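> Chains as they are written, first to last, in our numbering: chain S, 1 to 241; chain P, 1 to 272.
Derived by calculation from the structure, the hints in this document are not laboratory data. Every value quoted in this text rests on a predicted model; they were computed, and no experiment measured them. Be a bit skeptical, because a hint or two may be false.
[Unchecked claim] Within a straight-line C-alpha distance of at most 30 Å, the following computed DSS-like cross-link-like pairs (lysine-lysine) qualify:
#1 Lys258/P <-> Lys31/S
#2 Lys200/S <-> Lys231/S
#3 Lys60/P <-> Lys222/P
#4 Lys230/P <-> Lys31/S
#5 Lys258/P <-> Lys25/S
#6 Lys47/P <-> Lys222/P
#7 Lys218/S <-> Lys188/S
#8 Lys62/P <-> Lys222/P
#9 Lys200/S <-> Lys25/S
#10 Lys62/P <-> Lys156/P
#11 Lys62/P <-> Lys119/P
#12 Lys31/S <-> Lys9/P
#13 Lys258/P <-> Lys47/P
#14 Lys9/P <-> Lys25/S
#15 Lys218/S <-> Lys25/S
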Amino acid sequence: MEFVSPEGLRLDGRRPMEMRQLRAKIGAVDKAHGSAYFEMGNTKVIAAVYGPREVQNRSQQLNDQALVRCEYTMANFSTGDRRRKPKGDRRSTEISLVIRQTMEACIMTHLMPRSQIDIFVQVLQADGGTRSACINAATLALADAGIPMHDLVTSCSAGYLNSTPLLDLNYVEDSAGGPDVTVGILPKSTKVTLLQMDSKLPMDIFENVMQLATEGCKAVANYIREVLLEKTKERQKFHGV
Amino acid sequence: MVGLSIGEKHFIEGGVAQDIRTDGRRRLVYRPIQVRMGGTEVIASVKAELGRPSSLQPDKGKVFINVDCSPTADPIFEGRGGEELSTELSGALQICLLGGKSGAGAAIDLSSLSIVGGKICWDLYIDGLVVSADGNLLDALGAAIKAALSNTGIPKVNVAAGASSDEQPEVDISDEEFLQFDTSAVPVIITLTEVGRHYIVDATPEEESHMNSAISMSVNRKGNICGLTKRGSAGLDPSVILDMISVGIHVSEQLMNKLDSEIAAAEACEEE
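So that you can see chain S by itself, here it is in the shape it has in the complex (with noise of 0.2 Å):
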C-alpha cells in the first residue's frame, strides 16, 4: 500500500513532517482538582487529576514521597468497530503503566509524602497516537491541578513507512506495520523520559525518526505552553488581578 503519494502527501493529505490538528482545553471535567481535554486530529482524549490527597489504600503509601496512579480506559465506542473490551485488559494496564511512570518523571514526588495522586485517562476517540495525546493530556491536567513539576512532559510518535519518516501516525499507518516510535520528552532540557519502538529499524535512520519525534514533541510543548499561558491570563482576570 502507499502511504506517501508521488507529490509527497500521505493519506490523510498532510505531509511527512507535518502534524495532525492540535486543539486543548484546560477544565474538561468540573469536579477534578484539575482536568484537561486534547486532542491530536480525530485522537480525543480527558484527563482528569486527583490528588495531592490522604493515600486510600494504606498499605500503598510511602514516606518519602507521593503515591501517583494512573488508569487509562477506552470508551466502546472510540474504535472503528464497536468492540466491549473489559476493564484492566493487558493493553490498556501496560499504557497506564507507562503513562504513570512518564508523569512521576516530572511530578515533584518528594514535596508531598504520604500522599496521593489519581491520573485518570479517558479516551474519547482513538486515531493513532492515543498514548502521546494522552501523555499530553496528563500535562495539561496535572499543571491545572497546580501539581508542582520539574517541567512539562510532552510526546509524539513517529514512524517509517514507504522510506520516508512519517511524523504523528494516524490509525491507518500505525497499523500498516511499520516501525511506530514513541518519545516524550521533557522540553526544557529535552530529556527523553519515554521510548519505545516496536518493529526493527537501521541505527541511522532509527536516529532520524527519532530527531522527528522529537521535534514534534516540542512543538506540542509550544502549543501546550501557549494553552496555559492563556488560561492563566483568563484566570488573573477573572481575580482582578
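Since the structure of chain S is already known, use the hints to place chain P on it.
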C-alpha cells in the same frame, strides 16, 4: 457519597421544604441544560451494525444500551468500581427507552431497523459515557441519547436482488444516502427525588446523598409514560407516586421543548 455534616443536611432539607434549594432553584426547576455533540459531562454515541434479527421477532431490529462510568468522573469508579452504577443506569435506561420484551412502546420504531425480514437488520448500539458526575445522571444520559439519535444517520442499504431465500443476501451499503431517525417519539427521562417530605427534579449530588427514594419516568411528547423505575430504599405512598407522576409529566413538557430547541441549535451550529 458526598460527605455532609448534620447541619448541612438540615440546611438542604429545610431549604427543600421551603421551596428554595441550595443553588437558588425552586423544587421543580432544572439546571440550564446544554447539548454538545461530543462535549463534557455525559457523552452518548450511537453505532449501527448489520446483524441477524432474533428468531422471535424476525421483522425487527435490535437496540442495545450500555453505560460506562469513566474514572475521570469520580475516583471511586476506578477499576471495577463503576460497574454497579453502570449496570443500574443501563438497566434503568433500557426500561425507560426500550419498552417491553415485545418491543412495543419503544422509543425507536424497531421495525424501521429491519432490512430483510428474518435475515438482516440493523443492530443499534447506544453507548453512554459518564465523564463528569454532578448529580442526576439518568436524566442527562436520556437527554444525551436523544440528542445523539437525532444526529444519527443510518446508511441506506440496497439488497442485491435474486438472492435465494435460504442464504444470507448480499447488501450494498450506500456511502452517500442516509436515513434520519424520527426522534420525536423518543421520550425524555425525568427523575423526581424525594428529600424529606417533598420532591425535587434534577438533584445535585448533595441532595442525592440523602434522598429517601427517587422515581425515574420517561415521558414522550404526547404525555404518555413510557417507562418507570423507582430507586432508593425507602417506601413511597401510592398516592405520592401518582402525584409525582403528574408533576413529572408537567415538567417533561418544558424539558422536552428546551431539549428540542437546544438540539436544533446544536445541529444548526454543526452545519455551518
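> Run every hint past the structure and note whether it holds.
Hints versus structure:
no.	hint	in the structure
1	Lys258/P <-> Lys31/S	25 Å, holds
2	Lys200/S <-> Lys231/S	42 Å, violated
3	Lys60/P <-> Lys222/P	24 Å, holds
4	Lys230/P <-> Lys31/S	27 Å, holds
5	Lys258/P <-> Lys25/S	27 Å, holds
6	Lys47/P <-> Lys222/P	28 Å, holds
7	Lys218/S <-> Lys188/S	9 Å, holds
8	Lys62/P <-> Lys222/P	24 Å, holds
9	Lys200/S <-> Lys25/S	36 Å, violated
10	Lys62/P <-> Lys156/P	17 Å, holds
11	Lys62/P <-> Lys119/P	13 Å, holds
12	Lys31/S <-> Lys9/P	20 Å, holds
13	Lys258/P <-> Lys47/P	26 Å, holds
14	Lys9/P <-> Lys25/S	35 Å, violated
15	Lys218/S <-> Lys25/S	19 Å, holds
Hint compliance for this structure: hints 2, 9, 14 are not met, and every other hint is.
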